[in-house]
Amino acid sequence: MLTKLTTKPDVVDQLPPAPRRRRWLVQQYQRRERLVFGVLMVCALLGIWQAAAKLGWVNEAFTSSPSAIWTTSLKYFGSGGQGWADLWASGQEFLYGFLISVLLGVPVGLLMGWYPRLDGLLNPIVLFLNNIPRIAIAPLFVIWFGIGMQSKLWVIVLGAIVPIIVNARAGVVTIEPSLIAMARSYGASDSRVLRTVVLPGSVPAICSGLRLGIGHALLAVVLAEFIAATEGLGYVVNSAAATFNTNVLFVAVLVIAALGMAVTGLLTIVERYFQRWRTG
Amino acid sequence: MTDLTSSLSEGPNRAGNIGRQTTRVSVRGLSVGYELRGADADFLAVADATFDIRCSEIVCIVGPSGCGKSTVLGAVAGLVPYRAGTIEVDGKPIRGTGSDRAVVFQKASLLPWLTVQENVAYGLRTYGVKKRAAIQRAAEMLELVGLAQFATRYPYQLSGGMQQRTNLARALAADPNILLFDEPFASLDAQQRELLQGELLRIWSNTDKAGLFITHQIDEAVLLGNRVIVSTRGPASRICNAVEIDLPWPRSRETRLNPKFHNYVDQIWQLLEPQEA
Ligand SMILES: Nc1ncnc2c1ncn2[C@@H]1O[C@H](COP(=O)(O)OP(=O)(O)OP(=O)(O)O)[C@@H](O)[C@H]1O
Ligand SMILES: [Mg+2]
Chain F
-16 MLTKLTTKPD
-6 VVDQLPPAPR
4 RRRWLVQQYQ
14 RRERLVFGVL
24 MVCALLGIWQ
34 AAAKLGWVNE
44 AFTSSPSAIW
54 TTSLKYFGSG
64 GQGWADLWAS
74 GQEFLYGFLI
84 SVLLGVPVGL
94 LMGWYPRLDG
104 LLNPIVLFLN
114 NIPRIAIAPL
124 FVIWFGIGMQ
134 SKLWVIVLGA
144 IVPIIVNARA
154 GVVTIEPSLI
164 AMARSYGASD
174 SRVLRTVVLP
184 GSVPAICSGL
194 RLGIGHALLA
204 VVLAEFIAAT
214 EGLGYVVNSA
224 AATFNTNVLF
234 VAVLVIAALG
244 MAVTGLLTIV
254 ERYFQRWRTG
Chain B
61 MTDLTSSLSE
71 GPNRAGNIGR
81 QTTRVSVRGL
91 SVGYELRGAD
101 ADFLAVADAT
111 FDIRCSEIVC
121 IVGPSGCGKS
131 TVLGAVAGLV
141 PYRAGTIEVD
151 GKPIRGTGSD
161 RAVVFQKASL
171 LPWLTVQENV
181 AYGLRTYGVK
191 KRAAIQRAAE
201 MLELVGLAQF
211 ATRYPYQLSG
221 GMQQRTNLAR
231 ALAADPNILL
241 FDEPFASLDA
251 QQRELLQGEL
261 LRIWSNTDKA
271 GLFITHQIDE
281 AVLLGNRVIV
291 STRGPASRIC
301 NAVEIDLPWP
311 RSRETRLNPK
321 FHNYVDQIWQ
331 LLEPQEA
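First to last, the sequence lines map onto chains F and B.
Residue numbers are given in our numbering: position 28 of the first sequence equals residue 11, and the series is strictly consecutive.
Residue numbers are given in our numbering: position 66 of the second sequence equals residue 126, and the series is strictly consecutive.
Check each hint, because a few of them may be wrong.
[Stated by the list, open to error] Label pairs and their calculated CB-CB ranges: (1) B:Ala101 with F:Val156: 47 to 57 Å; (2) B:Gly221 with F:Cys26: 50 to 60 Å; (3) B:Arg262 with F:Gln13: 31 to 41 Å; (4) B:Ala208 with F:Gln13: 56 to 66 Å; (5) B:Gln330 with F:Arg261: 47 to 57 Å; (6) B:Tyr94 with F:Ser174: 48 to 58 Å; (7) B:Tyr94 with F:Val156: 13 to 23 Å; (8) F:Phe111 with B:Glu259: 35 to 45 Å; (9) F:Ser161 with B:Leu317: 37 to 47 Å.
Calculated directly from the structure, the hints in this document are not laboratory data.
Just so it is clear, CB atoms sit at the ideal spot from N, CA and C, and this is done for glycine as well.
Okay, chain F solo, but in the shape it has when bound:
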């Protein structure tokens, strides 16, 4: 109903036919201006990079080049290449680690926000983990659990769970108190207040926690594979760097970035569904 007021046809119909097309193009451009600018920037950078490598302004052995990265990635993901296996290994670690972090972190954060005593109890741990470079603890897990999946999952959970807890907790604490009073005035039980007010009200904060968690989890995946692994994207980055194979290094880095962006994109869709009351 609201969109009806702003749709273009009524306006466009009154225009003479010739300019209509230009109008349309201009509109398309205006709507996607940010995207156009972003693409322009990326293309420019790639062009400069390619030129610099091929015209000998820089040493291509060190900098690689877009075209070399392209052919390398075709080989890496072609038959006989390790690409899919590495992606699968890292993707699995990421997925499991992130899922554990969410399933543990969201409830813990919500309960910490709701029960001040639990908050007091756990706060020192969360505060400590939130304020140290957590990846520094990672080698400890390898000592404890060896170089299998288990130690990697611990590293990833350690990385991702802290921002998830902190944000879920903040989501509860910042809920409008008058909404809780409203529910209470109808005699709502603790569990009903949690279910119908606190949980939905924390969704935006939980989502930003997950967003941060994705980044931290990816970092942890790469790091865990730096320390101890025989396959995976982090392992590829590490071993490519050791052999000065910049082409492969860039491919692996780009794949990691793509993985992160894909998961963030999925999250955005979920987020939009849960927040339709915000965006309309």
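Chain B with the ligands: place on chain F using the hints.
Frame of chain F; chain B with the ligands shown alone:
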């Protein structure tokens, strides 16, 4: 859960005062203090509130901003703990909130992730009413407050006044014995305010509900109230001084034309005035 429409037709007539003798809400020597962070002593918001609300009555409270009107209402609702005094409902001291009381909050307090209809049904759902029945009744109440066509909108798509009417409909839908109104019409335009005042009078003409109604508008208090309680300025306010409004029932817009109406308005003005200086 009594159906409002049936209670409208069968309930005792307010003019007949069938339930008049029975005291529904009794507040005696209520005092409420708020803990202040970093301070040794509590902040004494209300020193003494004493009043009764009998069945089928509306009691209004007027008083300067910050004198503790919402505080008293919150205490009666069971939301604000009090330090001294008693609050009895139907002869029994209250223990926290209850399904016999519902509040129309000063802030609309709608859950932004529920549609208007689901918000109106929220109280009923909390009482354990089945979804179908609750939504059905919510639809009736939305009709009453003139928001039927906005049932499936979200609160952010409503104006402030529409949100406030949703808030009102939510409490009415719950249909408790005691309704607590905290400046429910403050953000409405004059026309709508008059419309809903009329609606409230209509509901109360045939009910044994008790109403506590807070307002800044003295004429509104005189029009709606069996009694108007004038609060002193806070802190440590006294909310005891009741003016009995002896205007005939049933009341309506025309009641404003009654010469006694303006006498009451003047009288209450004067009771408030010394504090304004
Ligand atoms: N949660 C709270 N903590 C501390 N002080 C409070 C709290 N709520 C209210 N007060 C204080 O209690 C006093 C009464 O507040 P209250 O909200 O009851 O006023 P009111 O009469 O409803 O005012 P208004 O007409 O503006 O709504 C005020 O001085 C206010 O500062
Ligand atoms: Mg108030």
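Hints and how they fare:
no.: 1; hint: B:Ala101 with F:Val156: 47 to 57 Å; in the structure: violated, 27 Å
no.: 2; hint: B:Gly221 with F:Cys26: 50 to 60 Å; in the structure: holds, 52 Å
no.: 3; hint: B:Arg262 with F:Gln13: 31 to 41 Å; in the structure: violated, 54 Å
no.: 4; hint: B:Ala208 with F:Gln13: 56 to 66 Å; in the structure: violated, 39 Å
no.: 5; hint: B:Gln330 with F:Arg261: 47 to 57 Å; in the structure: holds, 49 Å
no.: 6; hint: B:Tyr94 with F:Ser174: 48 to 58 Å; in the structure: violated, 28 Å
no.: 7; hint: B:Tyr94 with F:Val156: 13 to 23 Å; in the structure: holds, 20 Å
no.: 8; hint: F:Phe111 with B:Glu259: 35 to 45 Å; in the structure: violated, 58 Å
no.: 9; hint: F:Ser161 with B:Leu317: 37 to 47 Å; in the structure: holds, 38 Å
Hints 1, 3, 4, 6, 8 from the earlier list are contradicted by this structure; the remaining hints agree with it.
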